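Colleague: Residue numbers (the numbering used here), protein chains in the order written: chain A, 1 to 285; chain B, 1001 to 1265; chain C, 2001 to 2382.
By construction, these hints were calculated from the structure, which means they are not laboratory data. It is possible that part of the hints are untrue.
Here are some, though not all, of the chain A residues that point toward chain B, as calculated from beta-carbon distances under 10 Å [what the hints assert, rightly or not]:
id	residue
1	Leu36
2	Ile70
3	Asn71
4	Gly103
5	Leu119
6	Ser167
7	Leu192
8	Phe232
9	Asn265
Which bits of chain A does chain B cover? Going by a derived footprint, with three or more residues having C-beta under 8 Å, they are [unchecked claim]:
id	region
10	19–32
11	44–52
12	77–87
13	106–118
14	178–184
15	267–273
This structure is a prediction, so every number in the text was calculated from the model and none was measured. Every residue, glycine too, gets a C-beta built ideally from N, C-alpha and C.
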Amino acid sequence: MADAAVLPAPAAKRVPGRFWIVPPAALLALLFFYPLVLIVQQAFMDDSGMANVGEFVRVLHARFFLNALINTITISVTATAGCLIVGLVLGLILAFVPFPGSGVIARLIDTFIALPTFLVTLAFTFLYGSAGMLNAGLTEAFSLQAPPVNFLYSTWGVVLAEVTVYSPFVLRPLLAAFSLVDRGQIEAASVLGARPFRIVRQVILPAAVPALIAGGSLCLLLTVNEFGIVLFIGAKGVITLPLLIYSKAIQESAYQVACIIAVINIALSLGLFGLYRFAAGRLGA
Amino acid sequence: MLVWSRPGRIVIWLVFTLLFGVLFLAPLAVILLSSLADQWNGVLPSGLTTEHYSDVVQGAAWKAVKASLVTGFLASAVALVSGTWAALALRIQDATLARVLGVLFFIPSAVPSVSVGLGLLVAFSHPPLLLNGTIAIVMVAHFVLISAFTFGNVSAGLARLSPDFEQVASSLGARPAYRLRHVTLPLLAPYLVAAFGLSFALSMGELGATVMVYPPGWVTLPVSIFSLTDRGDVFAGAALTMVLVAVTLILLLGLERVTGRQARS
Amino acid sequence: MSVPAFTGSNVMDVDAAKIRGAGSNVHFDKVSVAYGAHVVLHPLTLDIAPGEILAMIGPSGSGKTTALRAVAGFVRPASGRIRIGATDVTDLPPYERGLGMVVQNYALFPHMRVEDNVAFGLRAQGADKALIGERVKDSLATVGMSGFAKRYPRELSGGQQQRVAIARALAVRPRVLLLDEPLSALDAQIRRNMVEEIAKLHRDLPGLTILYVTHDQTEALTLADKIAIMRDGRVSSHGPTVELYRLPPNRFTAEFLGRANLLPVTVTEGATGPKGFATARLGDALLAGAARGEKPGDKTLLCIRPQHLSLTGDEEHTNRIVGTLKEVHWQGELTHLVLEVDGTPVRVSATRLPVSLPERGSAVPLFFTPGDTSLVPEDVRG
């Protein structure tokens, strides 16, 4: 650390380098922070350009907003819990009960990080949609009148899709943490007669806690911000904050309302981002 | 090493197969299948066809592929330059300022993409900065959203670079510009390539901001997939999704080969 | 204002050095380094003569690497000036100091062939092609790596990489060569060979000034003309290598540079005779040792190296102490014995043993000549 801090300043008086940060910072300020400020400004200003919190308060109390907020938080928390469980189970097996080809599988799951999120939703409509494989099979087999499986068009559909899309974000840091667990320690515990459950609880989990916290808070952030999955499912009852911003701005051209919701969404996201940075910082990542 | 008994392992592997199959394998397989489906009213499609793919090569779908590739390339290239620039420039700031700026450069990754799009609409719909309705606003949106990733990747690479290389170069008489060109950047190359690949992939799949700002005539792949499925043309949507997946995977695998070769050399 | 002048004189100085083929002296003038409130180097004043090898040794955290990095320009002194030759380099960036540097992990540029690594400094300084080609050839020949010019660093062993790193530093004809723990990453056997290689290198380039930082006293004793022993950010002792070993000025130096037995004694008679030995009392025995101006009654330490103690000798010897034999470790060429003399453990490295080895617990006489001993003051820790 001392080295890194010392390196760039060999002779401080002669290094004009401090100003090199200006171009990229200015670019980001213009293209990102300036629009962000305008969103906040629009949220608290009426048409005549006067500061006015009336509209803000009205939106805050509106049913459509509260529903979206509750939906967003419920989906995000449930999906994150699902990601943690799925990530942990997959991670434990991949790291400690490996099978031929488990390395390839781990890489395959990892590439899901780079794939578009709505892919999973689209696939789910073929699998679990009202005319999907599962329903078609069940209706044929039991000669039913209506499709029996309907969860896709509820919050559960969104949650399941988000678990698929975001559990790799838990798995990645978890596998990194597991690779640091001393195999000798596990073998020693096994020799001493500890059952797998006990080893997981007493040896492996403590090592994995920081990774779980970091991965979990990242999942919270990403699921709060998720847009594609919710848009593609297109269920009437499942409106989240990002979707509400989209429909207010693009479909209703109600920009001020969109800005007000965006301010709250951004505040929520930045709070979660802070949580993630804090967790990742504790982790040393 | 954790579970020693054979039956125990088999049970565990079954659990894994089930989870992996339902969550990861089935979606990919079913998208592939539906992109080739002729009609699909029962459990399985009634017939297979490559018609959806031949549609992609002609007409509107091909334009979407092109729009996505161009957007992805340009936005990633600009993000790579600005991210690398920022990461390098942050090293010569004092520690506190560097930490604050570092967080600021990361923030775009935390803000919902829809809000980024909304912000651009609000900010750039009037002269002198009229971008709304142009292709540029799509590029800007993608650039903003991926800039944090390139910045993060390059910063991570810089942190792993032993300071010895640059110090030895300086002691041998290399001025900062020469050192950057001949030592720092070549050593960072694997991270630059990885950053470019990941941001390209993210740009290819970007939907939230694009759907807010895209002008007519510059419909990217995800937007075009959405409008296809929204119209009920799910098979064509699936085919286009497969194209998107294929392009993304080819990009990632190709870049991995490049970085792999560099890491070995 | 003064910067262009420094740069000008710097260039001239480098040219002069090229013509003479000689190195410059390095002068530390009250140089101190601090990270915030933490002082890692207390004001240091030291001179390295042109063509001299100065080894800075000391435990980790003693400030030796910081001193080297201050010369290189990677650490900015909190106070004091550093001069190389006639140039005050304190405010010069590293790339204008005309140095060569070799670090522990070689830091060869992995994306360049050996020849491009060696050519790096000259190319960076804009030298012309013919000169670069010639210098690369020369430098690689100097370190015996001529056949490896087209290889990549990853295709070389650790020892070979370090030779290339030295060639790279030599190619720029540095005024001073900085070696920062250059051999620490190598295996013991290769390290011994490399020490001899560096000694040979300095015989071939006698004008080259070398600052050699190491924690290994063997490297320092083998290579250095002078040694500076660092402790807690200060120079504990500084002097010609042989003198520092034979007449250590304090306990820390005696114990850090080789192994030493230090027996607490009381001076009975100050320096007398042509050789200047003082007489001191240890228990019942009266012993003679090289003096440092002690006066009768002073309490001090008598330093005897383990290899200078002998189990065999005659009663005619001036110095004779008796100890109780505690341990015997036979190691082939040497036998290590531990005895207790007046409550102090004493180590003996003997090449020859009496025909019948005394039993453990028995009293054994030890013999040594006054010329092999010196009186060493106890450290006063600040």
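Colleague: Hint by hint, note whether the structure agrees.
Modeller: Hints versus structure:
{"no.": "1", "hint": "Leu36", "in the structure": "holds (5 Å)"}
{"no.": "2", "hint": "Ile70", "in the structure": "violated (17 Å)"}
{"no.": "3", "hint": "Asn71", "in the structure": "violated (14 Å)"}
{"no.": "4", "hint": "Gly103", "in the structure": "violated (14 Å)"}
{"no.": "5", "hint": "Leu119", "in the structure": "holds (6 Å)"}
{"no.": "6", "hint": "Ser167", "in the structure": "holds (7 Å)"}
{"no.": "7", "hint": "Leu192", "in the structure": "violated (14 Å)"}
{"no.": "8", "hint": "Phe232", "in the structure": "holds (7 Å)"}
{"no.": "9", "hint": "Asn265", "in the structure": "holds (5 Å)"}
{"no.": "10", "hint": "19–32", "in the structure": "holds (count 9)"}
{"no.": "11", "hint": "44–52", "in the structure": "violated (count 0)"}
{"no.": "12", "hint": "77–87", "in the structure": "violated (count 1)"}
{"no.": "13", "hint": "106–118", "in the structure": "holds (count 9)"}
{"no.": "14", "hint": "178–184", "in the structure": "violated (count 1)"}
{"no.": "15", "hint": "267–273", "in the structure": "holds (count 4)"}
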